[in-house]
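Chains R and A are the protein sequences, given in the same order.
Heads up, the first sequence is in the working numbering, so the first residue is 1 and it goes up one at a time.
Heads up, the second sequence is in the working numbering, so the first residue is 417 and it goes up one at a time.
Keep in mind that a hint or two might mislead.
Said to hold, decoys possible - A few chain R residues facing chain A, derived, Cβ under 10 Å:
id : residue
1  : 50
2  : 72
3  : 216
4  : 222
5  : 240
6  : 241
7  : 395
To be verified - A few chain A residues facing chain R, derived, Cβ under 7 Å:
id : residue
8  : 482
9  : 483
10 : 535
11 : 537
Quick caveat, the hints were computed from the structure, so don't treat them as lab data.
The C-beta atom is built at its ideal place from N, Cα and C for all residues, glycine as well.
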Amino acid sequence: MTRDCQRKMSSGATMMGGALALSLIAGASLAADPIRIGVLEDQSGEFAAATIQKVHGAQLAAKEINEAGGIMGRPVELVIYDPQSDNRRYQELMRRILQRDNVDVVFAGFSSASREAVRPIVNQMDALYFYTNQYEGGVCDANVVATGAVPEQQFSTLVPWMMETYGKRVYTIAADYNFGQISAEWVRKIVEENGGEMAGEEFIPLGVSQFSQTIQNIQAAQPDVLMTLLVGTAQASFYEQAAAADLGIPMGSSVNVAQGYEHRRFDPPALEGMHVTANYIEEVDTPASRDFVERWRAMFPDETYINQPGQNSYVGLYLYKEAVERAGSTEKAAVREAIQSGEVCVDAPEGRVCIDPKSQHASHTIYLVQVGANHEISIPKVWDGIEPYWLGEAGCDLTQRDHDAQYTPSNPPAQN
Amino acid sequence: MLQEIFAFLYQFGDAFAFLVLSAAGLAIIFGMMGIINLAHGEFIMCGAYVTVTTARLGLPLPLAILCGALAAGLAGILVERLIIHRLYHRPLDSIVATWGISLIVTQTVLILLGSTMPGIGTPLGSFSIGAFSYSEYRLVLMAVAVLLLIALYLLFNTTRFGLLSRATIQKPQMAQALGVKTSRVYSLTFGLGAALAGLAGGLYAPTMTLVPTMGVTFIVESFVTVVVGGADVFLGTAPAAAVLALIKAVMTGWQGQLFGQIGLLVTVIVVIRILPRGISGWFLKERT
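Using the sequences provided together with the hints, build the complete structure.
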């Protein structure tokens, strides 16, 4: 359990600007009244490999924001706990961070199970909650700002491209919980819409690490494309075992590489033929991304990989800053009103990111990431500014009322 | 038809090898010695980490795996000397103590070595039969599992160490009265169990994600196998692994991984109900 003392840094920054009269006022409020941001991200347990970067991303953003004078002149103070990849710890810590630590906003959660575990608590306390991870989509809840990529951004791009390039028979293996089940439903829907067919589907309990039989089931079905929606470090063993058995079917995913950097962890060619639609990976070669990587490595020289969750966490803090500054307040109602203007946008390392007023989800630049035989990364296609359109079109409009629900293609909002 | 038969045998062998290798160490520590060792997964992780580290330093893989087993065995002897030997007749306390060891080790590795470790890749190649292709390394794992069972049978039934070990665990006072240094036998037996866990870790290290929590993925299968098998390492573990592998291969091939796991757990419930002392308890009772 660590708690950051960002205040030290910001008081240093204030002293440097002490000659200016303005900064005296800023300095007074800096010392008096920090904006407290809760960060509940896994630093140990099953998901830690992919989520430790979310803590670092928040720390980097908080440091930069404080050095640049804070949010509305108020410094940012992070309250960080480790929920240990454990949904019950998430619930305990969410209560603690909202009731005892009185944070203004909370950034929390990697797995969709953890998000759904804390969402009722967030609603009960009527708090403001940023969920920055990519996920299966569909959360329509006034308390939640979901800034990660969603299926219409990741699958509507990836699946048609894979079917055009490799063929129309698709096989899905997915982690057996809400994320995997709903993501697989999206794949099924998009495959059908594009005139393909599902060669098979298998749902795999979290924590399974032995895949011989699964590999054989896939070979028996002879698909052209394999969608791997696997979650956690145990399930990542699939790639090594599939490569050892020479499976050799082009793979597509919305989660691997960009989150778990399997292309760095496994010996080549385990990940050969993997395609991922991500809104960020460290290898994105733009000036903004290179600059971001440099600043990150200056603060965390030992970081194994700067992944998409890390970037999303970093961008999340800046989106919050932008919304609060437009609102002129940290009150939830005011911040949501600012979001409803549709003008809360930041220039992120990935490209421009804006929050959609209806669903409180974010637009993204989507990179098609391809992994080669030596695990080298290429990006054959980039889609700019893809909107999170599905929820809004399906009837989720948070500017009108709070739905407090999660929808799926087979369970859309009731039309009335 | 032939290729389907081979495919099924391969899957059966693969599940069998995984169950035997992950359970062998536990069969000694839990099955024979009666210590509910919740740190079993951490001995496996220790073996895997040492194997990968020494392999990366240039040692050939088989030697690296032996190093992994040796390191886990030494760690086991250390743990036995420091903690376990105080808890031989306090099974509930040993649960808490070994669980604590497991938490401390996982967290220490996370802090010292980070959240992941790069893998070394699966050795050997692949081969195809009909529409299916297979990993050759998996055949090696199957062979090692069978050889290990034979070696353990010989060790416990034909060597002096095996005799002393069984005597010490069954009737410690009598063994001591006859001049056996029981505390040393306990240490060595526990160390052997830990070394076998390390061996499993080393053998599976090239095929898996290397993370501090990797031992957890072996735990369910190993406890299920030992509970179904009962106290005897050879007469218990081998038939239990064979029955469970059959159920797992059939269920997973038929309905996927979820049903494979359900099959394992239903089997253990049924076996505990009918044969409370496991398969080997039933074998041995029949004989006497």
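Verification of the supplied hints:
| no. | hint | verdict |
| --- | --- | --- |
| 1 | 50 | holds, 8 Å |
| 2 | 72 | violated, 36 Å |
| 3 | 216 | holds, 6 Å |
| 4 | 222 | holds, 7 Å |
| 5 | 240 | holds, 5 Å |
| 6 | 241 | holds, 6 Å |
| 7 | 395 | violated, 33 Å |
| 8 | 482 | violated, 21 Å |
| 9 | 483 | violated, 19 Å |
| 10 | 535 | holds, 5 Å |
| 11 | 537 | holds, 3 Å |
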